[in-house]
Amino acid sequence: MKKKFAALLALALVASVALTACGGGSAPAASTPAAGPTGTNGGTMPGTSQAVGDASINTNSDYTFRTSDSNRVVTENGTFTKDNVPGPVLVTSVGQSADVSMLDALMKKVGAADYTFNSTAAADEMANYGTIIIACGASSKGLGAAGISQEDELARAQAIVDAVKDSDATVIVAHLGGASRRGALSDQFNNMMLPCADYIMVVEDGNDDGLFTDAATDNGVPITLIYSIADAVTPLTELFGA
Amino acid sequence: MLYIYLAIVLFLLVFIVWNMIQEKNVLLQIDAALVVVPLVLRLLLIK
Amino acid sequence: MKNNQLIRNVAVLLVAALICVVAGSAFWEQQQPDVLYTGNPNITGVLKLSDYNANLKGTINDVDIYVFDSGVPGGKAFIYGGTHTNEVGSMLNAVTYLENAKCEAGTIYVMVHANNSGYTHTQPLRGQIGKMTFDLPDGTVREFHVGTRLTNPIHQWPDPNYRFNPSGRELKHDELAEIRNLNRNHPGVQDGYLTEQTCWAIYNFINTEGIDFILDGHEAGAESTTLVNTLVVHENAVPLGSTAVMNCVINNLPMRLEFSGQTSYGLSHRGLGDNTNALCTLFESCNPVMGGYHEKIDEALFKDGISGNYRAMWEAGLFGNNYEIPEEGWPIEKRTAYHMSISKELINAFDTLYPDKPIKVSGLPDANEMIEKGLEYTLKSLG
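Protein chains in written order, with our numbering: chain A, 6 to 247; chain B, -8 to 38; chain C, 235 to 617.
Hints in this document: simulated from the structure, not taken from any laboratory. These figures come from a predicted structure and were not determined experimentally. Ideal Cβ positions, reconstructed from N, Cα and C, are used throughout, including at glycine. Please note: incorrect hints may appear among the correct ones.
What the hints assert, rightly or not - Examples of chain B residues lying across from chain A (beta carbon under 10 angstroms, computed):
(1) L3
(2) F6
(3) N10
(4) D22
As the list claims (entries may be wrong) - Covered, in the sense of this in silico footprint (three residues per stretch, anywhere, with C-beta under 8 angstroms from a C-beta of chain A), are these stretches of chain C:
(5) 361 to 372
(6) 466 to 475
Claimed, not checked - Quick list of simulated restraints, FRET-style, between CB atoms:
(7) C:N602 x A:S73: 21 to 31 angstroms
(8) C:G542 x A:N82: 40 to 50 angstroms
(9) A:E81 x C:T278: 53 to 63 angstroms
(10) C:G542 x A:D119: 52 to 62 angstroms
(11) C:V256 x A:S73: 25 to 35 angstroms
(12) C:N441 x B:L36: 25 to 35 angstroms
(13) C:N441 x A:A189: 37 to 47 angstroms
(14) C:P392 x B:I21: 27 to 37 angstroms
(15) C:W262 x A:N76: 51 to 61 angstroms
(16) B:L36 x C:N395: 14 to 24 angstroms
(17) A:S73 x C:S596: 45 to 55 angstroms
(18) A:D74 x C:S596: 24 to 34 angstroms
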């Protein structure tokens, strides 16, 4: 009796496992592979109560947000005008995040003429340009798409720093990815590029530790804080608009 | 391959039903009947 | 005694049969196809997926592809949903196009149920509802089945012990069920498993019709912080995607751009992007059903997108500052509006970037109105 019962239970277990195993699977929740980059250009949610400017999501209690839904573009530490951006203009990236593509789209949006877009421009090309806009932000997928390793990109960034630091070129450092684009690797690139910036543009929620504003203060360069990436249209129009 | 697996299901089903018929304890018969349900549904390709 | 045994045997068998019938009827109902509104006068043709892979003929995945041919030569867009059948925002975006779109230049192709088999079942042990309904103002009801992300095993069984198909993805161990995931098998195999055949049909359709760009619609759980409200693009589609996302952001839609991973084998943006000339994009909206921390998966969760668990997790800062999980949740009309907006902007961006291949669409509902009034007001009545 016990043997029959045990056999029946075992059979039931086999049948259940066979059918439920075939009926499902370890289907992951996301539709792309789990290994992901440090994030994308996280623009803030417009018109939301928890957007940038709300202290409850400020990770650094010492930092006071300047921008808000009603005050979307704030420039500090002086002014930066069209006169400061001689041509020709290069738009490039360090870190190969998608932010450089967004910057390219922004430049097209404002009708910027005669600029070169090359996300992997080499250091020796810097001498050809009067203004170099560098979109800072790391993305493992971007590096993969560009076919560059992290080490090579870091070396390239350092070579760019060496090329521009003693040149007359105007260097604009743009961090448009927001908080989601900050991370260990991104900050390596940020820390390399900020000392040679003549002007900084940053989506403010990526500055909640004051990294960019402190760099602007320390180096005596103007900085424009924007509420969301779309607000970059305003300073870019002033600088490069048709 | 599908038909091989359906044949396996049928094979299991036949033995479980046979076991169920031979079983004198009604609780164990019900136990077997529970097992029969998913096998029938899979044999008919309903679930 | 023998009579007693016989009676008992018959009784137990009858009870088993009754359970089979009752349970089976629920599963059978799940397998019935949705009725779609196809009365849009701007539909100029209907293709079958089996036109591009004869092996699909007569199978559950031989679905319709609706053609909106403007008559003006130009670009060709392919917008589809239903790759993962519980990611309802993408499917409802395709439905919105089906019911409303008018192509003014170029051609738009719309497919509503990319993996039709997925609609015929739900994932075991997940306790998910099988359909959702919308009560329209005229008193009629629209129903849409909701399934799971994989092909139904009654349509594709058994799973192999190992699979390495042209996608480049190696399926083994606990990934074996992915042989039934449409978005892990692109570009597919013509005479492979049903899911691979479906992928191959899509690949062949894109090549045969000369599709210029595709949008594959999806939804992701809130913990997928790199995916929510993100347009994932193959490197060939970066200018298109960045222009579309920028236009959305300027219109106050918090979209983001991300590159397709070089090792995202089998996913549409990688598998089709590498193997066709189409510019391949994929968009994910936020659906709490898709994550691992939601409450009971009932119709309200699908439609209202309100999850106390996710709200609490967001308030605790677990998702960073990538997006908000508002108290009002991520309702289906908002998610559908996001899919509709990004697809419209992709069409606009393509039209701008490739003026020799014009493509324009009109007739779609206003996104703000869709969000405000709900899909009950934008879905067409079946009469």
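Query raised in the report: If you check each hint against the structure, which ones fail?
Result: 5, 11, 17
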